[in-house]
Amino acid sequence: MNELDFSFYLNIEEVNYLKKFASVQVFNSETTIVYKNQIPTAAYLLLNGEIEISDKRKAFSEVFKKDHLFCLKEIYLHKKIKYNINIKAGSEVLIIDRSTVIELLNKNTFKNPLSHLLADLAS
Amino acid sequence: MQKPKAEHCSNCQSLCDGVFKELADHSLDELSEHKISNTFKKGQTLFMQGNPPFGMYCIRSGIVKITQVGNDGKESIVRLAKAGDIVGHRSLFSEESYQATATAIQDTHVCFYDKKFIKKIVKNEPSVAYNMISTLGRDLGAAEHRLSSFSQKNVRERLAELLLILKEGYGENIDGKTKLNIKLTREEMASIIGTASETLIRFFTELKKENIIEQEGKTIFIVDEEKLLDFANFSN
Numbered sequence: 043m044n045e046l047d048f049s050f051y052l053n054i055e056e057v058n059y060l061k062k063f064a065s066v067q068v069f070n071s072e073t074t075i076v077y078k079n080q081i082p083t084a085a086y087l088l089l090n091g092e093i094e095i096s097d098k099r100k101a102f103s104e105v106f107k108k109d110h111l112f113c114l115k116e117i118y119l120h121k122k123i124k125y126n127i128n129i130k131a132g133s134e135v136l137i138i139d140r141s142t143v144i145e146l147l148n149k150n151t152f153k154n155p156l157s158h159l160l161a162d163l164a165s
Numbered sequence: 556m557q558k559p560k561a562e563h564c565s566n567c568q569s570l571c572d573g574v575f576k577e578l579a580d581h582s583l584d585e586l587s588e589h590k591i592s593n594t595f596k597k598g599q600t601l602f603m604q605g606n607p608p609f610g611m612y613c614i615r616s617g618i619v620k621i622t623q624v625g626n627d628g629k630e631s632i633v634r635l636a637k638a639g640d641i642v643g644h645r646s647l648f649s650e651e652s653y654q655a656t657a658t659a660i661q662d663t664h665v666c667f668y669d670k671k672f673i674k675k676i677v678k679n680e681p682s683v684a685y686n687m688i689s690t691l692g693r694d695l696g697a698a699e700h701r702l703s704s705f706s707q708k709n710v711r712e713r714l715a716e717l718l719l720i721l722k723e724g725y726g727e728n729i730d731g732k733t734k735l736n737i738k739l740t741r742e743e744m745a746s747i748i749g750t751a752s753e754t755l756i757r758f759f760t761e762l763k764k765e766n767i768i769e770q771e772g773k774t775i776f777i778v779d780e781e782k783l784l785d786f787a788n789f790s791n
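First to last, the sequence lines map onto chains Y and V. For the first sequence, my numbering gives the first residue as 43, with consecutive numbering after it. For the second sequence, my numbering gives the first residue as 556, with consecutive numbering after it.
Note that these hints are calculated values from the structure, not bench results. Incorrect hints may appear among the rest.
[To be verified] Calculated pairs, DSSO-like style, for lysine-lysine (alpha carbon to alpha carbon, straight line, at most 27 Å):
(1) V/K671 / Y/K149
(2) V/K674 / Y/K115
(3) V/K637 / Y/K122
(4) V/K637 / Y/K149
(5) V/K597 / Y/K78
(6) Y/K121 / V/K671
(7) Y/K115 / V/K637
(8) V/K671 / Y/K108
(9) Y/K78 / Y/K121
(10) Y/K122 / V/K597
[Claimed, not checked] Heads up, incomplete: computed chain Y residues facing chain V, CB under 8 Å, no partners named:
(11) N58
(12) K61
(13) F63
(14) Q67
(15) S71
(16) T73
(17) I81
(18) A84
(19) I137
(20) T142
Glycine residues also receive a C-beta, built at the ideal position from the N, C-alpha and C atoms.
Modelling step: build the complete structure from the supplied sequences, incorporating the hints.
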């Protein structure tokens, strides 16, 4: 099983759909948005900048660029993340909180571009 | 997929001190279902100054320091938050970015509630709205008191006052002495009262020599509260 299964690349249609539910936010300071073994407090869609996923003990680090979505399933299902997730200063994101995830699920239909991801949450 | 259950808010040891203390059972059920519980280790950051706020943290156990970095780059502690306190709420309602950074100064268990949920609960539950206004009022009062203390009291008095404030929040009576269940570094204490570490150490030594406080390792005990009140120059 892929341990980084909390991150997904979204196509433009999926990104635009999510933009209807959350506004663009800028992180002015570099921040650890999730510490290892924590449940994320939001899902993040990176629109610009960088997010780094790392584990010092495993000497592992991977940097993600725009249009990656992180932690959607984990925030809804209260699942812990096994890595630190760090967002670089100046990065632009959509912060999708738990209330928004519930809203997305309530509006989910087969026509929804994110239905494949949302179906996974609801099952 | 089965959702793991977080501990119910009605079992929280800090519920009676918090903004949700008057909620009915069905509202506590909703709160418990929605919250995200995490433990922050000492030194880990809950949120950073300048970043967008998207929720509020309720402290279940542990202590969080709220710090602000000024234009000169110096960091000062503006508030300490303990079990039952909330952090991150001010920026949430003022629609500003976080004006301060929140860092755990010991392992701290917190529950997070997102902005939309908090706004909904404040709208639907008058007791939560009232308790939040009370909290904001108390915080404002403490900030005003701190501001006047900076201009009206000397460092010696401010240190004595800090120890008395820590006694109120974190004191435990043991054999006639008050043990402060909070471990702050000299730098952190100096930051709270707005002085240099060296100055703080000098007055700390003075308090120890006069048998007003004692120290065992990093733990501080208040031995003579009356003398400490004199030191703080409290008029009442």
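Structure-based check of all given hints:
no.: 1; hint: V/K671 / Y/K149; result: holds, 17 Å
no.: 2; hint: V/K674 / Y/K115; result: holds, 24 Å
no.: 3; hint: V/K637 / Y/K122; result: holds, 25 Å
no.: 4; hint: V/K637 / Y/K149; result: violated, 39 Å
no.: 5; hint: V/K597 / Y/K78; result: holds, 14 Å
no.: 6; hint: Y/K121 / V/K671; result: holds, 21 Å
no.: 7; hint: Y/K115 / V/K637; result: violated, 31 Å
no.: 8; hint: V/K671 / Y/K108; result: holds, 26 Å
no.: 9; hint: Y/K78 / Y/K121; result: holds, 12 Å
no.: 10; hint: Y/K122 / V/K597; result: holds, 19 Å
no.: 11; hint: N58; result: violated, 21 Å
no.: 12; hint: K61; result: violated, 16 Å
no.: 13; hint: F63; result: violated, 10 Å
no.: 14; hint: Q67; result: holds, 4 Å
no.: 15; hint: S71; result: holds, 4 Å
no.: 16; hint: T73; result: holds, 5 Å
no.: 17; hint: I81; result: holds, 5 Å
no.: 18; hint: A84; result: holds, 6 Å
no.: 19; hint: I137; result: holds, 5 Å
no.: 20; hint: T142; result: holds, 7 Å
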